[in-house]
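Number of protein chains: 2
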Amino acid sequence: MMQLPVYHVTIEPEWIDFNGHVRDAYYGLAASYAVDGLMDHLGLDAAYRESSHCTLYTLEMHIHFRHEVKASDELKILTSILDVDRKRIHAGFTFACSRLAEPAATADMMLLHVHQGQKPASAALPDAVIEKLNAVKLSPDARDALGPLSRKIELKRR
Amino acid sequence: MMQLPVYHVTIEPEWIDFNGHVRDAYYGLAASYAVDGLMDHLGLDAAYRESSHCTLYTLEMHIHFRHEVKASDELKILTSILDVDRKRIHAGFTFACSRLAEPAATADMMLLHVHQGQKPASAALPDAVIEKLNAVKLSPDARDALGPLSRKIELKRR
Numbered sequence: 347m348m349q350l351p352v353y354h355v356t357i358e359p360e361w362i363d364f365n366g367h368v369r370d371a372y373y374g375l376a377a378s379y380a381v382d383g384l385m386d387h388l389g390l391d392a393a394y395r396e397s398s399h400c401t402l403y404t405l406e407m408h409i410h411f412r413h414e415v416k417a418s419d420e421l422k423i424l425t426s427i428l429d430v431d432r433k434r435i436h437a438g439f440t441f442a443c444s445r446l447a448e449p450a451a452t453a454d455m456m457l458l459h460v461h462q463g464q465k466p467a468s469a470a471l472p473d474a475v476i477e478k479l480n481a482v483k484l485s486p487d488a489r490d491a492l493g494p495l496s497r498k499i500e501l502k503r504r
Numbered sequence: 347m348m349q350l351p352v353y354h355v356t357i358e359p360e361w362i363d364f365n366g367h368v369r370d371a372y373y374g375l376a377a378s379y380a381v382d383g384l385m386d387h388l389g390l391d392a393a394y395r396e397s398s399h400c401t402l403y404t405l406e407m408h409i410h411f412r413h414e415v416k417a418s419d420e421l422k423i424l425t426s427i428l429d430v431d432r433k434r435i436h437a438g439f440t441f442a443c444s445r446l447a448e449p450a451a452t453a454d455m456m457l458l459h460v461h462q463g464q465k466p467a468s469a470a471l472p473d474a475v476i477e478k479l480n481a482v483k484l485s486p487d488a489r490d491a492l493g494p495l496s497r498k499i500e501l502k503r504r
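The listed protein sequences derive, respectively, from chains A and B.
Under the numbering used here, the first sequence has 406 at position 60, and the numbering climbs by one with no breaks.
Under the numbering used here, the second sequence has 461 at position 115, and the numbering climbs by one with no breaks.
Chain A on its own, in the form it takes in the complex:
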């Protein structure tokens, strides 16, 4: 199976908050940068965006924070393709921290292919991109192994 690029996160000093760890939102920023890498890998790169006026917009993002990440940690993001249709990509992210046996976090995003004209409108992904995505799309078993991923956030009384 074709391998997706691994994103090596640079933890900036300003990412550390008053709790002494990486602030929640910067996990999202790192995943957002991982999507930039994914776009380049798929051929949805700057040249494509300029010639086609098409790009990806994020519709939804969910992050599960499992462990603190510290300034001194080495952090990388493994990206998975969970699902794809004509216009949308459901991508998963596993945050692997050198210090920890289990993921520091998991995340998933729904991405929409958009044509940016007068008014942005959803547009079909190029066939070649859909082919690449289907070639790396996880099997149901591999998908389950990533964990529960997103869900309705709620307090369940115990």
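Hints were generated in silico from the structure; no laboratory data involved.
Here the structure is a predicted model, which is why all the values come from computation and not from measurement.
Heads up, a few of these hints could be off.
Since the list can't tell identical chains apart, any single copy or any two copies may satisfy a pair.
Stated by the list, open to error - Under the rule of at most 27 angstroms between Cα atoms (straight-line distance), these lysine-lysine pairs were calculated in the DSSO-like manner:
no., residue 1, residue 2
1, Lys498, Lys433
2, Lys416, Lys433
3, Lys433, Lys483
4, Lys465, Lys416
5, Lys483, Lys498
Add chain B to chain A, keeping to what the hints say.
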């Protein structure tokens, strides 16, 4: 009903990405700053954190992106308390953009009260804080009016 503080977002130039709008993750950063304001408002401020060694950790974050936000937009975040128990706060966020009739985005987070010792451990919130939270907690109707909020992210075939 006691009013929660409104967070006025400062859109930094580096928040604008190659799509010409605020990058997805910076909606999360703005909401994270809104939580800092909520903590101050509730008395979970720097003095409290220093004396108690307690703080809030984010367990989950979900963002629904509905409209683009541009560099020139005025953006503010309205924070709601959706639910609360002894240790956890379920907070909702509505991103109000001056240019738009409907929210630019909605988000929700599950926050956990944590004692930061050798090893961080969940801890009961102070009674006074729980009282404040219950005083502003949304009614079921007001909660429904915020929209569907978080959910399992998935491609549904049509």
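Verification of the hints:
1. Lys498 / Lys433: both (24 angstroms within a copy, 19 angstroms between copies)
2. Lys416 / Lys433: between (37 angstroms within a copy, 24 angstroms between copies)
3. Lys433 / Lys483: Answer is within: at 15 angstroms inside a copy they meet the 27 angstroms cutoff, but 38 angstroms across does not.
4. Lys465 / Lys416: Close across copies (14 angstroms), not inside one copy (42 angstroms); limit 27 angstroms.
5. Lys483 / Lys498: both (24 angstroms within a copy, 18 angstroms between copies)
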